[in-house]
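**Q** Sequence:
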Amino acid sequence: MGPLVDVDWLQHHLHDPEIRIVDCRFSLQDPQAGRQAFLAGHIPGAVFLDLERDLCAPPRPDRKGGRHPLPDPQVLAATLGQAGIDNTHHVVAYDAPPEGGMFAPYLWWLLRWLGHERVAVLDGGITAWKAAGLPLSHKPTPPTPAIFTPNPQPEWVVDAEFVAHRPSGTVLVDARAPERYRGEVEPLDPVAGHIPGAINRYWQEALEASGRFKPAGAQAERFTGLSGEIVVYCGSGVSAAVNLLALHLIGKPARLYKGSWSDWVSDPSRPVARGED
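Residues in the sequence shown are numbered consecutively from 349, following the working numbering.
Hints are supplied without guarantee of correctness; some may be wrong.
Unchecked claim - In the SDA-like style, the derived pairs of lysine to any residue whose C-alpha atoms are separated by at most 25 angstroms in a straight line are:
no. : residue 1 : residue 2
1   : Lys-600   : Lys-487
2   : Lys-562   : Pro-500
3   : Lys-412   : Ala-512
4   : Lys-600   : Pro-446
5   : Lys-412   : Val-505
6   : Lys-478   : Ala-512
7   : Lys-562   : Glu-447
8   : Lys-600   : Gly-573
9   : Lys-412   : Leu-376
10  : Lys-412   : Asp-378
11  : Lys-600   : Ala-479
12  : Lys-600   : Phe-571
13  : Lys-600   : Val-579
14  : Lys-412   : Arg-514
15  : Lys-478   : Ala-602
16  : Lys-600   : Pro-500
17  : Lys-562   : Gly-481
18  : Lys-478   : Ser-375
19  : Lys-478   : Arg-618
20  : Lys-487   : Ala-557
21  : Lys-478   : Pro-409
22  : Lys-562   : Glu-577
These are computed hints drawn from the structure, not numbers from a lab. Note that the structure is predicted; figures quoted are calculated from it, not measured.
From just these sequences and the hints, can you work out the full model?
**A** Structure, rendered in structure tokens:
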């Protein structure tokens, strides 16, 4: 199983005992919207995991670590076990692209950070599932608890100290919308702008209008000319996962600055750039 599966594949494997389907729809503007959408209709057999309750640590009062801090590996492993996921299962994550298309790639990255490679994103998410006329369930399926043993990959993550003193040649990629990168608007964080030296590759440009990922050739075009170590960030380390998956599709490894912009601006002494770098 590659990093993406389509609705035909999932339809044919829907009842395979080794498959676990995770609905991770969420809205940064309305944190209850994802769970409400799940209850209103989800892919049969799916369990729901909430971005802020299940897939991130609680934010700190001083904002260090950003709005969506990296969860403790043992806590996340326990959450996955309660959701019925163990180390033998193939996990298929879905959300509601294109606008809500960042959350399944985040779970894809998060599970791989925990050492679990058996994970894929449903390409096009529930949007494609509905467009294909496939059935929805309105009744949650209680999971059978399992044991998930984590094997975290700490080298996949960098912090603000690394970013501030990154080696020459490191490419820093900002996944936020261009107007946020340029500092023209900032709807979520107290300071507008970007980390000096970062380039902008908006995460939604990795997706077709349908919400499916663009093919590898188009992804390669987005990242043409990037060489050396790549570090990606966004507002809080969630939408950057779309770029991480896109880079994975073209064989380019990259690391995540998980705290991202919301962590960077928690220290007023850190420099901020505006406009185009």
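**Q** Go through the numbered hints given earlier and state which of them the structure violates, listing their numbers in rising order.
**A** 1, 2, 6, 11, 15, 19, 20, 21
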